[in-house]
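The chain contents come next:
Number of protein chains: 2
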Amino acid sequence: MKRAVVLLSGGVDSATTLAIAKEEGYELFALSFRYGQRHQIEVISAQRIAKSLGVKAHRVIEIDLRAIGGSALTDAIDVPKNRSENEISSGIPITYVPARNTIFLSYALAWAEVINAADIFIGVNALDYSGYPDCRPEFILQFQKLARLATKTGVEGKRYCIHAPLIDLTKAQIIAKGAKLGVQFSLTISCYDPASDGGACGECDSCLLRAKGFCEAGIPDPTRYAKLSS
Amino acid sequence: MKRAVVLLSGGVDSATTLAIAKEEGYELFALSFRYGQRHQIEVISAQRIAKSLGVKAHRVIEIDLRAIGGSALTDAIDVPKNRSENEISSGIPITYVPARNTIFLSYALAWAEVINAADIFIGVNALDYSGYPDCRPEFILQFQKLARLATKTGVEGKRYCIHAPLIDLTKAQIIAKGAKLGVQFSLTISCYDPASDGGACGECDSCLLRAKGFCEAGIPDPTRYAKLSS
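Heads up: the protein sequence lines correspond to chains A and B, in order. The opening residue of the first sequence carries number 1 in the working numbering; numbering runs sequentially from there. The opening residue of the second sequence carries number 1 in the working numbering; numbering runs sequentially from there.
Treat the hints with caution; some may be incorrect.
As the list makes no split between identical chains, a pair holds if one copy fits it or if it spans any two.
[Unchecked claim] In silico DSS-like pairs for lysine-lysine, Cα to Cα no more than 27 Å straight-line: (1) 51 - 152; (2) 81 - 152; (3) 145 - 212; (4) 56 - 81; (5) 145 - 158.
Hints were generated in silico from the structure; no laboratory data involved. Every value quoted in this text rests on a predicted model; they were computed, and no experiment measured them.
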């Protein structure tokens, strides 16, 4: 059975990506990170999702991006709230974490090499997150080239492949696809700034995109909010 | 003053690389890792070297490569001893750590972006470590391309540059260059399997290459050995 390492954050996109890898027949090795993000509740979601989709193994790696800083997700900077669609889609947001997907894919590559997998799945999306440079197709392709040069097995001929199956889908399309594959969205969390009990704020970019996605997909939104969003 | 992030392991190569970056006029930001390697004494060496060369800042990041495994440097696998030069230079050794330099450079890139540096120095060497895929020029060049695509500042036009000034030098040439630049080699440690007091084993690939380098450079070897090597 061919194996895949799947990056799993605990959100809608990575849960759907995991379900896609499963549908494609891979034995699943899920990889999550505790990186000093404000929303550590993500990791609990990731564990529940991994279990629900029957992964072979799930590793949670501790990394300390706070030592580096530079993002509203790791530093004491306010997460923007209630931005318009125009604001969300323009420029690079302060929730950008420097080189985050490069770091995440590097770990995924290391694990893939150890477990003898050639396939890595990442749930990046270039539409809703057009401002994030490391969510673009050209970044993914470049990392794939790097993977083949960076590793013992790559040099020996293994054709590492970085799969980004959601890269050109809208959030509504992602949700529709995930629902079709049986993803339990009630287990996922997307909020950048959840309450201490894990309830979503309903006002950050990620909450707004998620709510819009469920609405457009015509699928009931199972999100538990911490308070009524304005 | 232009800034550089310099990867600093605590060995001869990275110490010399740091001294080269200093000579080239950079303000120095040294970056080290605790990655579950057997030789944690490395980090203490790195701290002393960083201080001796007057770095602006030194960060030590904890990363858990043991969670991934796959190397004699992180797992309970014996480090090979007393290999011949032929054995050392042929094939990929079991001291290879999967995707290590990809992970290290990813962190360096993240920090470079945060502190507004465009330059990253890494002391890889393609001669003595020809077996390590992520010590080759083509890997370094590929990572440089990735850096420009992976980051906010890269997309905005910053030309990230990955410097590998030792890549085609022999160990003797590296030591001669370091000596000329005033590197205190007594502060460095190269051993893959040091004793608990930090003394070098004198028998692993790294000890053998180091001893040969000092010998060929005609520079007294300040290495403190744990026992007489056979």
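Hints, one by one, checked against the model:
1. 51 - 152: Neither way: residue 51 and residue 152 sit 31 Å apart in one copy and 35 Å across, limit 27 Å.
2. 81 - 152: For residue 81 and residue 152, the Cα distance is within 27 Å only across copies (21 Å; inside one copy 45 Å).
3. 145 - 212: Classified as neither; 35 Å inside a copy, 36 Å across copies.
4. 56 - 81: Answer is neither; intra-copy 38 Å and inter-copy 36 Å both fail.
5. 145 - 158: Both: 12 Å inside a copy, 21 Å across copies.
Checked against the numbered hints listed earlier, the structure breaks hints 1, 3, 4; every other hint is satisfied.
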